[in-house]
Amino acid sequence: MFDFLRYKENIAIISDRNETLTYSQLIDCTDDFVASIPRKGLVFTLCENLLGSLVGYVACIRNKIPQVLLDGSKDIELIHRLIDIYKPEYIWLPTSRSKDVNGTIVHQYQTYSLVMMSYAISEGFHPVNSELLVCLTTSGSTGSPKLVRISENNLLSNAESIANYLSIDHNERPITVLPMYYSYGLSVINSHLIKGATILLTDKAVLQREFWAFFKEYEATSLAGVPYTFEMLKRLRFFKMDLPSLRYMTQAGGKLSKELAKEYIEYSQEKGKKFFVMYGQTEATARMSYLPWSNALEKYSSIGISIPGGKFALLDSDGTEILEPCRDGELVYYGKNVSLGYAECRMDLSKGDDNNGCLRTGDIAQRDSDGFYYITGRMKRFVKVWGNRCNLDAIEQLCKEITSLCACVGVDDLITVFLCEDSLKDNILSMLVEKTGFNPRAFQFKTINQLPLLSNGKINYQALENLR
Amino acid sequence: MTNIEKYNNLFCESFQLQPDEIENAEYKVTELWDSVGHMILASNIEEMFEIELDPDDILDFTSYSKGLTILTNKYNIIF
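Protein sequences, first through last, are from chains H and W. Here our numbering is used: the first sequence runs in plain steps of one and ends on residue 469. Here our numbering is used: the second sequence runs in plain steps of one and ends on residue 112.
Calculated directly from the structure, the hints in this document are not laboratory data. Check the hints yourself; a few may be wrong.
Stated by the list, open to error - Reference listing, derived: stretches of chain H covered by chain W, where coverage requires no fewer than 3 residues with Cβ under 8 Å from a Cβ of chain W: (1) 204 to 218; (2) 439 to 446.
Claimed, not checked - Restricting the straight-line Cα-Cα distance to at most 25 Å, the calculated cross-link-like pairs of lysine-lysine (DSS-like) are: (3) K75/H / K88/H; (4) K235/H / K61/W; (5) K61/W / K385/H.
Note that the structure is predicted; figures quoted are calculated from it, not measured. Backbone N, C-alpha and C define an ideal beta-carbon position, used for all residues, glycine too.
Based on the sequences and whatever the hints tell you, model everything.
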């Protein structure tokens, strides 16, 4: 995956804690990581945007050690649930949390420790498919244990394709706005490390003064954000900031409003920068499409065209391919970056390629006569809440632990929970906030006398949509 | 309502805090004061006091007490 020897003298990582690693030093410290383990096994990486976390990730990739990337800020209860399901042999986590798991520390680097789990020593190691390299969560927010299985080929082909259409070379210095356990955030890291570029690593948010000080000091050349990032940036009067080093911005992780997309595109044109609207899913490792800069203003509401090496098709409800323009159909993607499939237990990590390079996205789209794609709807019941994919059925399940008389519908950034008992509202809200980690503004409540049902007894979500 | 009462109420509402908790409220420390909470607080402050916060002040508004200082010194709100 990574050919660091080509870039030995280049700086690979600069952190906001004054740490710097060249590619040659990155080779050394990832070699140390691997030398410390008696044998390869599954690693859980509890990610933070910190040097230790990133070095552990790279060490596993370089040595073909399969790992699951998890949100390191999640509480230990959730991590333990995942440990029970996937039985990792090792956990790479902040040293301050190493007492939370039962095992022996076998390696340390900066603020991170590698714990070898006690049961791995007593029960032995479980096999994992040799193609499998990284697993990502499908939805960090609802705590769903379902993972997407990604191979080295998936990672490499997507990173190369992204580096190609964004013209990434060793001069780039992307700043980390997104977390590395998130497929989009991870794609930024991978597409730059394969080109010998310098990652500006920070765990600060765009709302923090330290973020901008770091950005300016090390002259970041790009930033990647979800729609909410760009809403916040506008609020911070981003358009008036003086950022001469910034070469381009990318946006994915949900639909940016047309107006805002246009504003960013116009700003970028005026300032000699670029703005890329993109589309992807974790199931496709990260990216499936991008809007080429030369078409940005003309097609600002489009997700663009498939990435180099990939291909889209639209299928009607019979599964027949739609060839004429401007007709809605399910968006299907073909490419080497289509993941191997899902996993729901440790056994599933032994599985091979379930998808064979074809992904049914569950999104409804159409194509214009120039071949550009537009997302017009969604088949599956999920919404994006500030860039996090959130399954409405999973939210409903959480609510059902408190009351069976509930149903959820939603749009991006706002989930509506219908209840029959108004008095349960506060109770359910605090539970949802705790479980999802979302700000309470993500939820609104409506009380109705009775949940509307279809003739087959199932909840009539369409009717609820109209009451939203 | 006095200005300090308005200010305190905004903290209670924005972050679902009890009155005795607000003085310790801090960005990224207080549970609901994340980036989303921060934007909500900024909007609420602007609406309540009929001002427009400068982006620098939004960035610096990182705790209950810093907010009071900013509003007093730069927006002439008397508490």
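Now the hints, each set against the structure:
| no. | hint | in the structure |
| --- | --- | --- |
| 1 | 204 to 218 | holds (count 6) |
| 2 | 439 to 446 | holds (count 5) |
| 3 | K75/H / K88/H | holds, 18 Å |
| 4 | K235/H / K61/W | holds, 21 Å |
| 5 | K61/W / K385/H | holds, 22 Å |
Checked against the numbered hints listed earlier, the structure breaks none of them; every hint is satisfied.
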